[in-house]
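Protein chains: 2
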Amino acid sequence: MRLGKAMASRRLNVLREALSEKGLAGAAVFNPENIFYLVGVSAGVLYVTDSGATIIVADIDYEETREKVSGAEVVKTDFGELPAERLRKIIPEGRTIGYEEGYVNVGLYEDLRKDIALRPLQGTIEKMREVKDADEISRIEEAQRVTERALQKTLGSISRDMSELEVAAEVEANMRRAGAEAFAFETLVASGPSAVYPHGKPAAKRIEEGSAVVIDVGSRVRGYCSDMTRTIFFGQPSAEFVKIYRAVLEAQTAALDFLRAGVTGRDVDAVARDVLRGRGYGSYFSHGLGHGVGINVHEPPSLNSRGRSALVPGNVLTVEPGAYVPKLGGVRIEDLVVVTAGGCRNLTGFSKEMIVI
Amino acid sequence: MRLGKAMASRRLNVLREALSEKGLAGAAVFNPENIFYLVGVSAGVLYVTDSGATIIVADIDYEETREKVSGAEVVKTDFGELPAERLRKIIPEGRTIGYEEGYVNVGLYEDLRKDIALRPLQGTIEKMREVKDADEISRIEEAQRVTERALQKTLGSISRDMSELEVAAEVEANMRRAGAEAFAFETLVASGPSAVYPHGKPAAKRIEEGSAVVIDVGSRVRGYCSDMTRTIFFGQPSAEFVKIYRAVLEAQTAALDFLRAGVTGRDVDAVARDVLRGRGYGSYFSHGLGHGVGINVHEPPSLNSRGRSALVPGNVLTVEPGAYVPKLGGVRIEDLVVVTAGGCRNLTGFSKEMIVI
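Chains as they are written, first to last, in the working numbering: chain A, 327 to 683; chain B, 327 to 683.
No lab work stands behind these hints: they were computed from the structure. It is possible that part of the hints are untrue.
Treat identical chains as interchangeable: a pair holds within one or across any two.
Simulated crosslink set (PhoX-like; lysine-lysine; CA at most 25 Å straight-line) [to be verified]: (1) Lys402 / Lys653; (2) Lys402 / Lys440; (3) Lys678 / Lys479; (4) Lys479 / Lys527; (5) Lys678 / Lys569; (6) Lys531 / Lys479; (7) Lys440 / Lys331; (8) Lys527 / Lys394; (9) Lys440 / Lys348; (10) Lys531 / Lys415.
This one's a predicted model, so the numbers in the text were calculated from it and none came from an experiment.
All chains should be modelled from the sequences, with the hints used to inform the complete structure.
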């Protein structure tokens, strides 16, 4: 369950090497996901130096942090004192420290730099997190198994008189029963024209006959996320929907066949986009092809037109082409894969046959 | 469902008055909750001036934002351009603009202030949100009704052979079926000694005979949160648990009787704390008595030792004393109330009798 000591020590040492290369005496880590990655808990603030690591937490989190942390000593703040305030007292004056520029607000920045020289970490830890180790992949796979068991069970129990909310209720309850400690993101069940919007909430209205229903779900297990989408049909789909579904699936298959270490996210995105363009749905594929998944359900690297660096073994990515036709509805099919030297390993075992309820 | 035009206009005008008092020509609003409060959607960045308001969103959010926004014109970014980048081009050079210092990272701050003078808003919009209007209270009440219907239904179907995860599955599915568009926070179902930790996740292990089970749940309806906790018992509770439960309930009753406009959060907290101290559980009440609830499930004002300003009518607050005894378990009882001139109106109608499964 908890992060092993050897693993925490390895990750902290990779960070220490990066700090040393940048000429930094330490790093103040505020991003809770980065703290979780390094020492297995996500409270307070973590201060890493070349010889040690200290996590500073509020009194209320002290006992739990002590029980669960790996690789760092735990300090609790005084009553009313913020972890960042205590951090200032711990860092010796005049030190040059790395900080996460996206997680430190201006007030704290001005305060810290009175006594300490601050240098942006520029995604050092996020970059480490892009390449998953075996422990991380096993957690992601477990989360994916939980989601798939839940979706399979749900398909056996939903009926055509249900609303989007009722379908969401079933799949979420089944994720819990299968072992989800949390949901990786807000479950999306979007039918008919509402599936055209990317951030739709499930609605209480009955799903209409002939609708495509996009179900985008993920579980969190031991701190790691999974992410998958299947599109099912309530009643026999129209010929147009069959065409769209096949085009989206073909786009995904082409991208999965192409994906391997060494190619860029931009290249993979283009492969799927070309297929959809060839089938006449190019303008209806209104988002990127995929994103990294780990402690966060959306993290680098990305499979889209801005993904210019080469993918490497250990990247865990979604591959999720879609086509969203205004007034008609949307189709999306999403798998989760881990990049390997010669290709990718699909962590999603769920059928992609057209499912009609 | 959506924010009325008159309401958006009223809220924007209150903000404009505050800006004018501070000598500011406008405000850049990045906090998604503040954007939702002002114009009814929560995408991109909102720029408010004395005569207008513009929301800048990515292409993918453009149509949905146009359909749902009130009181602001919608601008979409060019491909690959961030909303904040477009904002820079829209604000005339040399203007003095308010910004949310907790939501602007150092990189963006340095970038914006090349051409624009920036002044911290110091919680101007958050302060407005502390006092809920009738529309907001009706949304919170609706969310609370959804949660209560769900918990009531759950109590009728759970059995003593269940795990924490199975109880969470039931109550969440029932919240969805009752109309929750989302969960206000991660559902907490914590039994036995694990209820001592504030951030425990539901576990797959069967709940032990004689355990107290803390169930802390909330729904989100039309963008607003509810929050409630009940503690139930799996099997007949020990005499010690009966004593703890009564003490916590007595502390809550005393605080609810005392709570009214004009008193401070610190005073209300002290009332509950005194009762628990008198019953011998003072050191086991390890958190504040309550917090504001609205678009965010945790927002100002707070009922704790730092709450030094007077409460006002329209504050919506939780009142949630608890006692957490190491190795034994915890009891918490939480209601949601709206402060009135002479007291408070309890939005929670759920029984506080001891419930034994």
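Checked hints:
When the C-alpha separation of Lys402 and Lys653 is checked against a cutoff of 25 Å, the pair qualifies only between copies, where the shortest distance is 21 Å, while the shortest distance within a copy is 56 Å. With identical chains, the CA atoms of Lys402 and Lys440 are at most 25 Å apart within one copy only, with a shortest distance of 23 Å there and 39 Å across copies. Taking the shortest alpha-carbon separations for Lys678 and Lys479, only the intra-copy value of 16 Å comes in at or below 25 Å, while the best inter-copy value is 36 Å. Taking the closest pair of Cα atoms, Lys479 and Lys527 come within 25 Å of each other both inside a single copy (22 Å) and across two copies (23 Å).
Proximity of Lys678 and Lys569 under a CA criterion of 25 Å is satisfied intra-copy only: 15 Å inside one chain copy versus 56 Å between copies. For a Cα distance limit of 25 Å, the shortest separation of Lys531 from Lys479 qualifies both inside one copy, at 22 Å, and across copies, at 21 Å. In this assembly of identical chains, Lys440 and Lys331 lie within 25 Å of each other by CA distance neither inside one copy nor across copies; the values are 35 Å within and 46 Å between. Taking the closest pair of Cα atoms, Lys527 and Lys394 come within 25 Å of each other only across two copies (13 Å); inside a single copy the shortest separation is 35 Å, beyond that limit.
When the C-alpha separation of Lys440 and Lys348 is checked against a cutoff of 25 Å, the pair qualifies only within one copy, where the shortest distance is 21 Å, while the shortest distance between copies is 27 Å. Taking the shortest alpha-carbon separations for Lys531 and Lys415, neither the intra-copy value of 56 Å nor the inter-copy value of 42 Å comes in at or below 25 Å.
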